[in-house]
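Participant: Chain residues, written in single-letter form:
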Amino acid sequence: MESERVGQTDGPPVPFTPEAVIATFQTIPELLARDEILAARGRWLDVDCLLGPSTQPFHVAIRAGRIVDMTPAPVLMRSWRFAYRATPAAFAAHWQKMPPAGWHDLLALTKRGQATLEGDLHPFMTHLQYFKDLLALPRRSGFGGAS
Amino acid sequence: MNGYVEPIVGRYVHADIDGEINRIYFEENGSGIPLVCLHTAGSDARQWRHLLVDDEFTKHFRVIAFDMPWHGKSNPPDSRYGSEYRLTTASYTTTIRAFCSALGLERPVVMGCSIGGRIVLNLAIEHAREFRALIGLEAADFQQPWYDTAWLNRPDVHGGEVCAALVSGLIAPGGPEAARDETLWGYRQGGPGIFKGDLYFYRVDGDLRGRTGNIDVNQCPLYLLTGEYDFSCTPEDTLRTAAGIPGAKATVMERLGHFPMSENPDQFRRYIAPVLQDILDKQKL
Chain A
-7 MESERVGQTD GPPVPFTPEA VIATFQTIPE LLARDEILAA RGRWLDVDCL LGPSTQPFHV
53 AIRAGRIVDM TPAPVLMRSW RFAYRATPAA FAAHWQKMPP AGWHDLLALT KRGQATLEGD
113 LHPFMTHLQY FKDLLALPRR SGFGGAS
Chain B
110 MNGYVEPIVG RYVHADIDGE INRIYFEENG SGIPLVCLHT AGSDARQWRH LLVDDEFTKH
170 FRVIAFDMPW HGKSNPPDSR YGSEYRLTTA SYTTTIRAFC SALGLERPVV MGCSIGGRIV
230 LNLAIEHARE FRALIGLEAA DFQQPWYDTA WLNRPDVHGG EVCAALVSGL IAPGGPEAAR
290 DETLWGYRQG GPGIFKGDLY FYRVDGDLRG RTGNIDVNQC PLYLLTGEYD FSCTPEDTLR
350 TAAGIPGAKA TVMERLGHFP MSENPDQFRR YIAPVLQDIL DKQKL
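These protein sequences, in sequence, are chains A and B.
Start counting the first sequence at -7; every next residue gets the next number (the numbering used here).
Start counting the second sequence at 110; every next residue gets the next number (the numbering used here).
The set of hints was computed from the structure by calculation and includes no laboratory data.
Take these hints with a grain of salt, some might be off.
The following residues of chain B were derived to be distant from chain A, with all beta-carbon distances above 10 Å [what the hints assert, rightly or not]:
id, residue
1, Thr198
2, Asp265
3, Glu270
4, Gly278
5, Gly283
6, Glu286
7, Arg320
With a cut-off of at most 25 Å between alpha-carbon atoms, the simulated SDA-like pairs for lysine to any residue come out as follows [stated by the list, open to error]:
id, chain 1, residue 1, chain 2, residue 2
8, A, Lys89, B, Arg379
9, A, Lys124, B, Arg364
10, A, Lys124, B, Lys393
11, B, Lys358, B, Tyr194
12, B, Lys182, B, Thr258
13, B, Lys358, B, His159
14, A, Lys124, B, His159
15, A, Lys124, B, Ser188
16, A, Lys124, A, Asp40
17, A, Lys124, B, Gln253
18, B, Lys393, B, Gln253
19, B, Lys393, B, Lys182
20, A, Lys124, B, Arg263
21, A, Lys124, B, Gly300
22, A, Lys89, B, Asp163
23, B, Lys182, B, Ala211
24, A, Lys89, B, Gln392
25, A, Lys124, B, Lys358
26, A, Lys124, A, Pro66
27, A, Lys89, A, Asp40
28, A, Lys124, B, Ala211
29, B, Lys168, B, Gln392
30, B, Lys391, B, Arg238
31, A, Lys124, A, Glu11
32, B, Lys393, B, Arg171
33, A, Lys124, B, Trp255
Fair warning: this is a prediction, and the values are worked out from it, not measured in the lab.
Glycine is no exception: its CB is placed at the ideal position from the N, C-alpha and C atoms.
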């Protein structure tokens, strides 16, 4: 399956720098390690996937619900089951404590053309709430915008 | 409060739907103008429990919420066990009219959300004279799909988990956590394939584009209210629909999503109270 292509027409709803978005995305493994409930919810999940900003996605290895490796893509000949990539503007908006309407959910972002979902979606759909909560973890401290 | 008994009463009514008696569970409270409430796809009438105990509303309205056949405590009709459930525009319309008829309701107000919001548009098109007013929450003549419903009913994906996870994003952030959890609990409890079957109406059979222009609000007032965080039926979908219906009243509700009555009852109350008051005021004219 391939969802809508990433759109370029929406303006960024909050200020950001791409570097700050990437740096914030890199905090997700640590945030997950501190969230025992979320990690436990993913206890049946083992998958290698591609996640992150469309400008700099990451190969993410998840074992029993815990991120055991996260490496900037591309890595020569490394495979992945599925990919969820969103524009830096989308992640910046998604991580607001009160995200703007239409930027508050992973599938809202695919619908508005700010994210793509590709590959074998079975592990993603089977653990959909896990991935929604995982990629929203930086929202807890609120994304600070341009820095 | 320990020992508090809510004034809601739950009972079953036998309703003839397309020649077969269906045993339909409903809950009610209050007296006055009948106000029939329709739940969203894949859920049940528990979504309306806050409205059902609102003293200000139940002073003037007999608030009634029923579980559609196949949902909640309304079982599938006897002849249909084992068959695939598919809601259609015709079967949904028939069910609502049959329920109202079985209870002997005289020109009720009908308020529906999501699929319930879509079907009130069809009630306005085909049966306006039978109703005192119609209220569509998260209602539009059509909206763009955003996922493949095949994921909702397959043996290698937990139906309840995926149904709840999909709709979780339709709830506005920042609302009461308990209300959010309760709304999603209804989705985790739906029968296998029921959410998907409801969406057959929503996605395939119930496209009302080109038909809503025939609605005459002088026969039956029509109110459309949609949450700003609903990216399934977006505010733009509702406003577009309302723009084609002269006299329809459309409102975008702040800090609400696709399940206003259950995801944030207090915030929803701010928007539905003036609508119900408007309906009451019209009765006094």
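Participant: Are the Cα positions of B/Lys393 and B/Arg171 separated by 25 Å at most?
Facilitator: holds (17 Å)
Participant: Against the 25 Å threshold, does the CA-CA distance of B/Lys393 and B/Lys182 hold or violate the hint?
Facilitator: This hinted pair is violated, its Cα atoms lying about 37 Å apart.
Participant: Is B/Lys182 within 25 Å of B/Ala211, Cα to Cα?
Facilitator: holds (17 Å)
Participant: Are B/Lys358 and B/His159 close enough, with their CA atoms no more than 25 Å apart?
Facilitator: Within the cut-off at roughly 24 Å; holds.
Participant: What's the verdict on A/Lys124 and B/Arg263, does the C-alpha distance respect the 25 Å limit or exceed it?
Facilitator: The hint holds at about 21 Å.
Participant: Find the nearest Cβ of chain A to the Cβ of B/Gly278 and say whether that gap is larger than 10 Å.
Facilitator: violated (3 Å)
Participant: Check whether the Cα positions of B/Lys182 and B/Thr258 lie no farther apart than 25 Å.
Facilitator: holds (24 Å)
Participant: Can the restraint linking A/Lys89 and A/Asp40 be considered satisfied, given a maximum Cα separation of 25 Å?
Facilitator: Outside the cut-off at roughly 29 Å; violated.
Participant: Checking one constraint from the list: CA of A/Lys89 to CA of B/Asp163, max 25 Å. Satisfied?
Facilitator: Violated. A/Lys89 to B/Asp163 sits at ~31 Å, over the 25 Å cutoff.
Participant: Please verify whether B/Lys393 and B/Gln253 have alpha carbons no more than 25 Å apart.
Facilitator: Outside the cut-off at roughly 40 Å; violated.
Participant: Next pair to validate is A/Lys124 with B/Lys393; report whether the Cα-Cα distance is within 25 Å.
Facilitator: violated (50 Å)
Participant: Need the status of pair A/Lys124, A/Glu11: alpha-carbon distance at most 25 Å?
Facilitator: Distance of about 22 Å is within 25 Å: holds.
Checked against the numbered hints above, the structure violates hints 2, 3, 4, 5, 10, 11, 14, 15, 18, 19, 22, 24, 25, 27, 28; every other hint is satisfied.
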